[in-house]
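*Asks:* Protein sequence lines, in the order shown, are assigned to chains A and B.
Take 14 as the starting number for the first sequence in my numbering and just add one per residue.
Take 14 as the starting number for the second sequence in my numbering and just add one per residue.
Mixed in with the good hints, there may be bad ones.
For chains that are exact copies, the list does not tell them apart, and a pair is met inside one copy or across any two.
Claimed, not checked - Taking lysine-lysine pairs in the DSS-like style, the calculated list, with each CA pair at most 27 angstroms apart, reads:
(1) K219 x K254
(2) K59 x K111
(3) K142 x K254
(4) K194 x K142
(5) K249 x K219
(6) K59 x K270
(7) K219 x K194
(8) K194 x K59
(9) K270 x K111
(10) K249 x K142
(11) K249 x K270
(12) K219 x K142
(13) K111 x K254
(14) K194 x K111
(15) K59 x K254
By construction, these hints were calculated from the structure, which means they are not laboratory data.
Number of protein chains: 2
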Amino acid sequence: MAEDSQYTKTFKSTVNRLKDRADYDHETVQTFVNGAPVLHVSFVPKRTDDDPFPTILPMIGGFGSYTAPGSTESSSSALYLHGHISARLFKTSSASEKTPWEEDGLPGLPVCVCATHMDGLVLALTPFKHDVNYRSTVVHGYATLVTDLAEKNFALRLIPENILPNRWENSRVPPTDAEIKVTGILKIDVVDASAKVRAYAVENDKADLVDVDVTGRVWTGTVRAYVRYETPIPGKENAVKDIPKYIDRWIEERNRKGEEYAREITSQLHS
Amino acid sequence: MAEDSQYTKTFKSTVNRLKDRADYDHETVQTFVNGAPVLHVSFVPKRTDDDPFPTILPMIGGFGSYTAPGSTESSSSALYLHGHISARLFKTSSASEKTPWEEDGLPGLPVCVCATHMDGLVLALTPFKHDVNYRSTVVHGYATLVTDLAEKNFALRLIPENILPNRWENSRVPPTDAEIKVTGILKIDVVDASAKVRAYAVENDKADLVDVDVTGRVWTGTVRAYVRYETPIPGKENAVKDIPKYIDRWIEERNRKGEEYAREITSQLHS
Numbered sequence: 014m015a016e017d018s019q020y021t022k023t024f025k026s027t028v029n030r031l032k033d034r035a036d037y038d039h040e041t042v043q044t045f046v047n048g049a050p051v052l053h054v055s056f057v058p059k060r061t062d063d064d065p066f067p068t069i070l071p072m073i074g075g076f077g078s079y080t081a082p083g084s085t086e087s088s089s090s091a092l093y094l095h096g097h098i099s100a101r102l103f104k105t106s107s108a109s110e111k112t113p114w115e116e117d118g119l120p121g122l123p124v125c126v127c128a129t130h131m132d133g134l135v136l137a138l139t140p141f142k143h144d145v146n147y148r149s150t151v152v153h154g155y156a157t158l159v160t161d162l163a164e165k166n167f168a169l170r171l172i173p174e175n176i177l178p179n180r181w182e183n184s185r186v187p188p189t190d191a192e193i194k195v196t197g198i199l200k201i202d203v204v205d206a207s208a209k210v211r212a213y214a215v216e217n218d219k220a221d222l223v224d225v226d227v228t229g230r231v232w233t234g235t236v237r238a239y240v241r242y243e244t245p246i247p248g249k250e251n252a253v254k255d256i257p258k259y260i261d262r263w264i265e266e267r268n269r270k271g272e273e274y275a276r277e278i279t280s281q282l283h284s
Numbered sequence: 014m015a016e017d018s019q020y021t022k023t024f025k026s027t028v029n030r031l032k033d034r035a036d037y038d039h040e041t042v043q044t045f046v047n048g049a050p051v052l053h054v055s056f057v058p059k060r061t062d063d064d065p066f067p068t069i070l071p072m073i074g075g076f077g078s079y080t081a082p083g084s085t086e087s088s089s090s091a092l093y094l095h096g097h098i099s100a101r102l103f104k105t106s107s108a109s110e111k112t113p114w115e116e117d118g119l120p121g122l123p124v125c126v127c128a129t130h131m132d133g134l135v136l137a138l139t140p141f142k143h144d145v146n147y148r149s150t151v152v153h154g155y156a157t158l159v160t161d162l163a164e165k166n167f168a169l170r171l172i173p174e175n176i177l178p179n180r181w182e183n184s185r186v187p188p189t190d191a192e193i194k195v196t197g198i199l200k201i202d203v204v205d206a207s208a209k210v211r212a213y214a215v216e217n218d219k220a221d222l223v224d225v226d227v228t229g230r231v232w233t234g235t236v237r238a239y240v241r242y243e244t245p246i247p248g249k250e251n252a253v254k255d256i257p258k259y260i261d262r263w264i265e266e267r268n269r270k271g272e273e274y275a276r277e278i279t280s281q282l283h284s
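Assemble the whole structure, with the sequences as input and the hints as a guide.
*Replies:* Rendered as structure tokens:
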């Protein structure tokens with residue numbers, strides 16, 4: 014990862030198309046990832062002639078800078094993932110056996126993590142100028158299983174807190190030893206990352222705009238979209254009368270931000 | 014692809030964890046893919062020591078069975094994608110040069126396509142039983158660039174129609190030759206596919222349920238979520254007075270289905 018506030022541009026992170034939409038800023042990348050309720054994680058399970066396919070798992074996760082106990086310095090921000098990718102890929106049948114990436118001399122499993130926010134549909138006069146408004150980021154890095162207990166505890170709290178802030182201390186914690194043991198945490202050391210944003214109004218072709226038959230019958234504009242969270246529904250086993258304020262406030266804020274962003278990008282001039 | 018209505022179970026499509034959530038039914042897989050506003054497409058751009066990473070692109074697409082002109086038989090359902098994956102991967106510098114997958118003797122670029130619908134958060138008494146409700150499908154197959162003009166025209170209509178039905182005939186069509194030429198369509202011949210669904214209410218640990226300190230202070234239940242489409246906003250260049258009925262109806266239906274599904278899964282008993 015670069016020392017400054019920009020992710021290193023490598024061949025892959027250099028967005029070849031639509032360069033004006035690309036952004037390598039750490040904050041943009043991390044905001045898109047942390048704000049996504051689901052991340053898509055891609056890796057190549059086993060490259061054989063029979064099975065040459067990469068695969069994708071939906072996972073949850075978020076960026077965090079870990080400070081070891083007794084240390085005053087945080088490590089650079091890494092992407093922590095919660096999930097069971099480990100079951101298939103990180104276990105070898107014996108301690109002396111190497112993982113495929115160790116055999117290749119790599120520091121971890123090469124992965125790609127993608128976070129996408131779909132912000133609406135852009136309906137132009139012709140289908141060929143239709144588009145989707147979105148914010149998206151692609152991160153490449155090496156995944157390893159977190160084995161250090163203090164770092165694992167850091168990530169076990171980081172990931173759910175990233176989804177619903179204040180939930181951790183308002184639920185049954187600390188985790189039991191068994192809970193910590195069965196939960197797999199992956200750490201992605203970022204090699205490169207980039208973000209792309211499409212946030213404009215409609216862009217129509219000149220030829221269509223001067224054709225009154227077309228403009229007279231084809232509606233053109235945007236249909237905004239966002240992930241809407243609904244009023245929480247208590248489970249059958251719930252014994253707390255009111256929905257806690259931190260949950261209500263979070264839902265309200267998520268919905269307000271979703272609505273606002275969708276509104277803002279539609280009111281912008283197109284470039 | 015299997016001849017019957019189930020996708021072949023191979024190693025990778027056999028969902029190792031949570032087998033009860035897995036489904037290989039064609040209809041389930043195709044419904045999840047066709048209903049997703051954005052698909053995540055993973056591939057390995059170039060496997061070198063410097064760059065061992067798979068990558069992911071957000072793309073749009075949908076399943077369709079193509080019938081060639083003059084033929085009475087449709088080909089088996091393939092997944093068509095609209096996008097610019099082609100620019101980087103499908104062009105070789107000369108006609109005699111082979112693509113990397115041709116050199117490997119493969120019928121196309123090995124890809125993975127993932128469609129995910131995030132349906133809500135499941136808040137248990139302890140963070141370790143928290144979960145996300147979702148519907149997700151993973152498709153593995155070989156991607157090739159569609160070069161047959163009739164098949165390309167079929168897919169050029171299929172993909173936007175899948176996103177917003179009736180838009181095609183209500184916009185400026187047919188496409189110009191230039192539009193067809195610059196638009197890349199990928200066809201994925203499916204090798205295997207599976208779907209996973211997490212659609213339950215909360216599952217709490219017995220130890221937490223008998224702890225009145227925990228049940229007395231921790232709220233437990235679900236926060237439903239769905240992609241909400243807002244009232245369309247006319248573009249500056251729009252000249253059609255009213256928002257067309259097919260757009261209004263589609264938004265209403267999408268939102269109603271999103272709300273209904275979120276409500277239904279919460280009212281279910283947990284297994």
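*Asks:* Any of the earlier hints contradicted here, and which numbers?
*Replies:* 6, 9, 13, 15
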